[in-house]
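Here the structure of chain C is known, so what remains is to put chains E and X in place on it, guided by the hints.
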Amino acid sequence: MTTLERGLETRQAPPRPAGGFLDRPEWLGPLMIGPAVLFIVLVVGIPFLLALFYSVSDISMGDRTMRFVGLRNFIAIWGTTNFQTAIWNTFVFAIVSQILVIVLGTALALALLRDFRGKWLIRFLLLLPWVAPISLGTIGWLWIFDSTYSVLNWTLETLRFISPNDWYMWLGIPHLAMGSVIAVHVWRILPLATVILLAGLSSIPHDIHDAARVDGAGYWRHLFEITVPLIRPIMLVAGLFGLVFAFTDMIVIFVLTRGGPYDTTQVLATLAFFTGIQGGDIAEGAAIALFLFPMLLAVAIGFLRVARRTEVV
Amino acid sequence: MAAADKTLRNRAARGGHYGVIALFTIFSAFPFYWMLITTFKSTPDLLKRGNNPFILNEAPTLEHLRVLFYDTLYGQWLWNTFFVGAIVVAITLVLAVPAGYALARMMGPAGEKLGIAIFLTYLVPPTLLFIPMSRIIGDLGLQDSLWSLVLVYPSFTIPFSTWLLMGFFKAIPKDLEEAAMIDGLSRFGAFVKVVIPISVAGILTTVIFTLTLVMQEFVYAVTFITAARNFTVSVGVPTFLVHGDVYFWGSLMAGCFISSVPVALLYNFFVDRFVTGFTMGAVKG
Amino acid sequence: MAIVETQDVIKLFGDVKAVDGVSLATRESEFLVMLGPSGCGKTTLLRMIAGLEQPSSGDIVIGGQVVTALPPRARKIAMVFQSYALYPHMTVAKNIAFPLKAQGMARDERQKRVERSASMLGIGHLLHRKPRELSGGERQRVALARALVREPAVFLLDEPLSNLDAKLRTSARDELQQFQRQVATTTIYVTHDQVEAMGLGHRIAVMSGGKVRQLGTPQEVYHDPADTFVAAFLGSPPMNLIETPGYILGFRPENFLPKEVFGANGPLLSIPCRVTRLEYLGSDRLVYGTTEGKFEGHRVISKLPSNISAPIQTGERHEFATPEGDLKFFDPRTGLKAAPRAL
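Chains as they are written, first to last, in numbering that gives the first Met the number 0: chain C, 0 to 312; chain E, 0 to 284; chain X, 0 to 342.
Isolated chain C, as found in the complex (with noise of 0.2 Å):
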């Protein structure tokens, strides 16, 4: 029997139940993203919930007993200035890197729209800061920053900035730490935000430049008033992206800096590792953990809105 005759044999025939459980939808499909799923709410929904009840408790280390406390240790952490600092120093960190992030990772974007020789090169190396072991990059740049060797402070001489005496203390200076962390991260995450962001101007219909072209756009207005626009959500995953990277990172600080010099590049997450892992007080760190929850969920939302209002043609 031919496919065709077959087809039409079957349409002709009263309905009866497609084949096993194999065949429909209703019941494949969630057998087949049911194990995932049931992963998921194991590994990632049972440590969360957790992390919620050892914050409310007083649960250490050493201790093994866990008693409920309220909110204790969230009211105990609040004061503190250490707390304080970490909090502003987050944010800071966050938002400015991100900024960075956005506006250098558009312009190199736009640079990389077009294609010339030797772009494969180019590509791996601008890669590079992203796709290496986050704390085996930042440990190069350790090394690029050390206080005594840094090549930076060595270029600087050479060219006559500053003198021999002068050498930056690149992690050694409060706020100067703080630059060198941004940059440090800043450095690491702008691969990916380039690569999101050129995926989203090669999607802009190339009818669209044309039309600008000729209907008399000169460079800048054609860029902030077409370009920019148009990808505008994109912009804002890249950017919510690396807003939680930046909120939750502490790869790149504890290596650096350890939180130093003073506290001054101490942030949410180091400070929860210091106090939970290494102080060996769970409860209070879980709970400078979850400070971090209020931030993902808005970033989430943020997100969600974004994927709503994504048709914009």
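It should be emphasised that the hints constitute simulated quantities derived from the structure, not laboratory data.
Computed from a predicted structure; not experimentally measured.
There could be a bad hint or two in this list.
[Claimed, not checked] The calculated label-pair distances, taken between Cβ atoms and stated as ranges, are: (1) E:G15 with C:I94: 25 to 33 Å; (2) E:K112 with C:W87: 52 to 60 Å; (3) X:S235 with E:I197: 33 to 41 Å; (4) E:Y17 with C:E25: 52 to 60 Å; (5) C:T147 with E:R65: 20 to 28 Å; (6) C:T80 with E:Y17: 47 to 55 Å; (7) X:Q177 with E:A170: 38 to 46 Å; (8) C:L51 with E:K112: 19 to 27 Å; (9) C:F90 with E:L46: 58 to 66 Å; (10) X:G63 with E:H16: 34 to 42 Å; (11) C:V40 with E:K192: 28 to 36 Å.
Where a beta carbon is used, it is the ideal one built from N, C-alpha and C, also for glycine.
Okay, now just chains E and X, sitting in the frame of chain C:
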């Protein structure tokens, strides 16, 4: 506007264009050049303040590499990392490939929401979960074992991979599966025999991306594992090659370079597909 | 209103000559259609006139001024794209106002012009909508309004009707033509649809392989084609072409009817055919057949209006004929029009 003016402006624009790219490239790649050169610089050369740090002032040396591979457990760490990576990739594929397909084809409008929800779990950071996680790991007796990582890493690789794969599967025309089903395969059979072979490129991309996620992970690895021989590269290199205040820079840089560059090379091959899958995940349909 | 000229324009993409030495000149206020199949170079030529591509050699002249080196915005042209290219993030009003804003026009003046342009195209009530909320026909009108608002010397249109449903196309075509006659601006229109070309153009430039095969009025290109390409491209179904050793014979399906229909009117060329298939299309009947007799072995089509009731059966051998005055002759080597000869 005369024609000559126009070419001048064109050249200036192109010059600026290349200049911007060059600047960013130097910014991004410089630390890796640094790592490379430090790997082969002899220690006196490294520590002499007057020397030009950008070049090899004295003869290059393999000493740092020797220290790295023979005096530390670097080789063991590399092995650990790939071991964990391979198993996590396998687990991720087994769970995420069917899930991605289900979301792309079978879940309808509820599927859209579920897809986004799954993806959002990727954004729940290790720094939030690592404290309770460490207790669970301890209670399970997996403290200090690589299996703790194998258990926990899929918690972030699966959400992202599901999203990516959903995007790849959406990009395949439905006609192919429908033709297979008319020819006698069940839906699941069509998935296995038609869709998966076509999506090999997308699946490979997911594999590479998952591998990079595993290799990069630091927080869980540093929290769960304390015994040196069980370190992954990401933890071992920073922890071990620093003795108090003394940094073995040469070997440190060598370790960083070797762990970063090959993976980045591989990644570069797949980045275009990665972007396609990532953005297709957001398209309705 | 200006005249557009292309002077021996050539465009190379690598080794491929997309446009191969085209010299054209429009007339004032003319609606000139560039017609041809995909890949014939018509869109490339249009883009060079617009300034979106640069010719490899040759010049573009608009209104007497050589514009080859000028960017699009300096050429006083306006363009409507196949996809309309409306800015998706702007309202209709802002879309139309954009070219004026780019020129630096003051807001009040802009507002007035936008309203005038919009009312001319009957879209005044849509000014606050976004493009995605509009139908295909409405989008076309917005694109036209945006083109109109700059009061350009030349309109360039790149297949603007191909994205519309078949039904909508006829009314859109009608509106377009009225629009152009009204504003009387020189218009260059690119299409692959010969029905559109015949219906809209004052003159048609038929293109293929990067060259213009014939430039003429619809009547000229239809009834007096310059070569076999033009002859076959225009007309639906295409002209019947019979190749013989000395010449190629051409006759249109609507002129190729059952012999009895002609009665005693004038000298006829008679060709017997074996009928292979009939298509009943409502207003016409198409008879597909294979020739026999002197010009045997060729497949031909006859287009019978439905008001002619000549009964024809599949498989029968039937005598068809064409008036000798309607025969076209072409040179078999070059495909070009040739002098009539005795049969």
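Hint check results:
no. : hint                           : result
1   : E:G15 with C:I94: 25 to 33 Å   : holds, 29 Å
2   : E:K112 with C:W87: 52 to 60 Å  : violated, 36 Å
3   : X:S235 with E:I197: 33 to 41 Å : holds, 40 Å
4   : E:Y17 with C:E25: 52 to 60 Å   : holds, 56 Å
5   : C:T147 with E:R65: 20 to 28 Å  : holds, 25 Å
6   : C:T80 with E:Y17: 47 to 55 Å   : holds, 49 Å
7   : X:Q177 with E:A170: 38 to 46 Å : holds, 44 Å
8   : C:L51 with E:K112: 19 to 27 Å  : holds, 24 Å
9   : C:F90 with E:L46: 58 to 66 Å   : violated, 39 Å
10  : X:G63 with E:H16: 34 to 42 Å   : holds, 36 Å
11  : C:V40 with E:K192: 28 to 36 Å  : holds, 31 Å
Checked against the numbered hints above, the structure breaks hints 2 and 9 and satisfies the rest.
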